[in-house]
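Trainee: Construct the complete structure from the given sequences, taking the supplied hints into account.
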Amino acid sequence: MKTLTKDGQDRHDVAALAQRVAGLDAARYFDADADEELRVAVTRWPVLARLMMLALANIDAPPGDDRRKAEISA
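Numbering (this note's numbering), first residue to last: -15 to 58.
Quick caveat, the hints were computed from the structure, so don't treat them as lab data.
Accuracy of the hints is not assured; some may be wrong.
[Unchecked claim] Each pair of labels, with its calculated beta carbon distance range:
| # | residue 1 | residue 2 | range |
| --- | --- | --- | --- |
| 1 | G7 | R34 | 38 to 44 angstroms |
| 2 | V24 | L1 | 18 to 24 angstroms |
| 3 | V31 | A6 | 41 to 47 angstroms |
| 4 | M36 | A16 | 21 to 27 angstroms |
| 5 | V5 | L32 | 33 to 39 angstroms |
Even glycine gets a Cβ: it sits at the ideal position worked out from N, Cα and C.
Mentor: Okay, here's the thing in structure tokens:
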């Protein structure tokens, strides 16, 4: 998920660092900030999350595991 600040800069640490460090591929790293932001948002606004059909998948999966990403509910 691409998330930018109001001034157009990337707000996640890994992507911002990849812009400054040659050879760093941000796609190969997991940004825990994005995962935590999603978890907080779904918890804070559960009705909106249900309307958007978002659900947190496998909360107990280790950080960086694809199963922890939000998935569309069927």
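Trainee: Checking against the hints above, which ones are violated?
Mentor: none
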